[in-house]
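Number of protein chains: 4
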Amino acid sequence: MTETPTPAASPRVVIHTVRVEFGDCDPARIVWFPNFFRWIDAASRHFFLQCGVPPWHETEKTRGLIGTPLVDTHARFVKTASYGDTLEIHTSIAEWRDKSFVQRYRVMRQSGEGGTAAADLIMECDEVRIFAARREGTDTGIRAIPIPADIKALCS
Amino acid sequence: MTETPTPAASPRVVIHTVRVEFGDCDPARIVWFPNFFRWIDAASRHFFLQCGVPPWHETEKTRGLIGTPLVDTHARFVKTASYGDTLEIHTSIAEWRDKSFVQRYRVMRQSGEGGTAAADLIMECDEVRIFAARREGTDTGIRAIPIPADIKALCS
Amino acid sequence: MTETPTPAASPRVVIHTVRVEFGDCDPARIVWFPNFFRWIDAASRHFFLQCGVPPWHETEKTRGLIGTPLVDTHARFVKTASYGDTLEIHTSIAEWRDKSFVQRYRVMRQSGEGGTAAADLIMECDEVRIFAARREGTDTGIRAIPIPADIKALCS
Amino acid sequence: MTETPTPAASPRVVIHTVRVEFGDCDPARIVWFPNFFRWIDAASRHFFLQCGVPPWHETEKTRGLIGTPLVDTHARFVKTASYGDTLEIHTSIAEWRDKSFVQRYRVMRQSGEGGTAAADLIMECDEVRIFAARREGTDTGIRAIPIPADIKALCS
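Residue numbers (the numbering used here), protein chains in the order written: chain A, 1 to 156; chain B, 1 to 156; chain C, 1 to 156; chain D, 1 to 156.
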């Protein structure tokens, strides 16, 4: 008798939409890649807001949590995009660790009809982020805090 | 009798210096991470120029080479930086493949005395880049071309 | 007997919406002002698209028109904005000249209910822009062309 | 008998140098104009530092002065610039008012020989800025404070 393992629940996915502008493109007429990280950072924040987590300027006051700075990022660029394109960033949390988590992004080009096809993958990115508090007695020093259980529950 | 293997020659390293500005920092008062990729992209271009490779707008005319777009990037963030810091980006080519290469960056904070210490590593990044030409009949399509031998010789 | 002067027709207004992100803000926690110009430039392009003008990469092919570069800009900053705010950029063409035009922007904060009040004016800006073609025999040189009558008709 | 009016002393000028990078340019292959404001903002801060004013994160602690936010800016774009160019931003304070001041910028292209000619003016900009403190009881509200006499003396 075989047992089918209980499949892990699919992680929550939040979609953030971005219009590519003229000024986002470089002399090769394609998106200048640092802009993808700008959009991904916004997608990260919107993910938490959509999941019901208060904005960081509130959590800084209520619990000292100033945000989720990046520890490590790994991105793969698959196709180019240019101005006029609308991109969808599909964001989820792929893994929860003790003091960090992996936030995953799939950036897809929206077709003219409003849908997206797998073939239109533009880039994908896995980030390791932490939940951070200020290090006492410093201006800019930060330290990782344990994953807040309530935030993990909201985002899974 | 043992033979010491001939050590691989150290790759050529070019240093690109960046001053961190107020506007490069976010409400957490530290460098907003997409700016590191902005600086790294500039360091990549300066690396080739310092090695004697003509600017891409010239190579586009002479040999159809429009630049070195990014295929894959993996960055690790070690320490924060803030405005007032001067950063040194140490750039080299860690590996040459058939149609791509690995460009490596180590971003260090310059100490007050103008030196840098290993302890001051801010972030490091390995990028896979290609040498690109335009795909005929398209506006923004690009394709990888084989590593130009003369450029490889200049940069090793 | 008095004559009421015929009022000038109100110019066409197009609204472009922008969400302020964490990375758009500086260590003073407010929008770092160059980002307003980034958004205004996008609003300028969307204005023309909404009015029915084809994108510049099409007009470059069909009529040599590469875009509407800026000649002069005058901006007044009234209130600060920060991340979490949604801004509406109200764009119109305030004046048509022979070889240039004045594009006007009023950036307002959207209230929680989706409306905007005059009291929520964040900044306003008047730009002088031209319709540009490439200068022959140069890479980056541009020259002003006369206002295209069809585009003027679409945008008034 | 005629009196020659005492000529006003020339204001102090500080030069800030900027290399134009590939990613600073747009699909028209010229500097995307919001980047000029990015550089001008850095030139503004360097002006004060070069004049001997402490960085704003220090003045925030010692006297509540958080920086010099922009109230009004007026820029004129004269020539285009592109990557490979080195720009000099010549910064001075053109006028001191009660609670604001006019900071003036002239952005010139450095010629190959390291000099700049008046003919190489790229853009110029007059900004009205204030010295700002935080408005009590707010996160992002700011208010103008009177021009600090010591800073005025250092910068004139």
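Incorrect hints may have been included.
Listed below are the simulated EDC-like cross-link pairs for lysine to aspartate or glutamate, each with C-alpha atoms no more than 16 Å apart in a straight line [as the list claims (entries may be wrong)]:
no., chain 1, residue 1, chain 2, residue 2
1, B, K152, B, D98
2, C, K79, C, E136
3, A, K99, A, D72
4, D, K99, D, E58
5, D, K152, D, E88
6, D, K79, D, E136
7, B, K79, A, E88
8, C, K79, D, E124
9, D, K79, C, D150
10, A, K79, B, D72
11, D, K152, D, D72
12, C, K99, C, E58
Calculated directly from the structure, the hints in this document are not laboratory data.
request  = Given the hint that D/K152 pairs with D/E88, test it: the Cα-Cα distance must not exceed 16 Å.
outcome  = 24 Å, violated
query = Has the given pair, B/K152 with B/D98, been kept, meaning a C-alpha gap of at most 16 Å?
reply = Measuring from Cα to Cα gives roughly 11 Å; hence the hint holds.
task = Take the C-alpha atoms of A/K79 and B/D72, compute the straight-line distance between them, and say whether it is at most 16 Å.
result = Answer holds: A/K79 to B/D72 is near 12 Å, not above 16 Å.
request  = Mind checking the alpha carbons of B/K79 and A/E88 for me, to see if they're no more than 16 Å apart?
outcome  = Distance of about 31 Å is beyond 16 Å: violated.
message = For a C-alpha distance cap of 16 Å, please report whether D/K79 and D/E136 respect it.
response = 44 Å, violated
ask   = Is the hinted pair D/K79 and C/D150 satisfied, with a Cα-Cα distance of at most 16 Å?
value = 28 Å, violated
query = Within 16 Å, alpha carbon to alpha carbon, are A/K99 and A/D72?
reply = Holds - the C-alpha atoms of A/D72 and A/K99 are around 13 Å apart, at most 16 Å.
query = Is D/K99 within 16 Å of D/E58, Cα to Cα?
reply = Roughly 21 Å separates the two Cα atoms, so the pair is violated.
message = Next pair to validate is D/K152 with D/D72; report whether the Cα-Cα distance is within 16 Å.
response = 20 Å, violated
Restraint status (C-alpha distance of C/K79 to C/E136 at most 16 Å) = Not satisfied, since the Cα-Cα distance of roughly 44 Å exceeds 16 Å.
query = When you check the alpha-carbon spacing of C/K99 and C/E58, does it fall within 16 Å?
reply = 21 Å, violated
key: Given pair status - D/E124, C/K79, alpha carbons within 16 Å   = 25 Å, violated
Hint check: violations occur at hints 2, 4, 5, 6, 7, 8, 9, 11 and 12; the rest are consistent with the structure.
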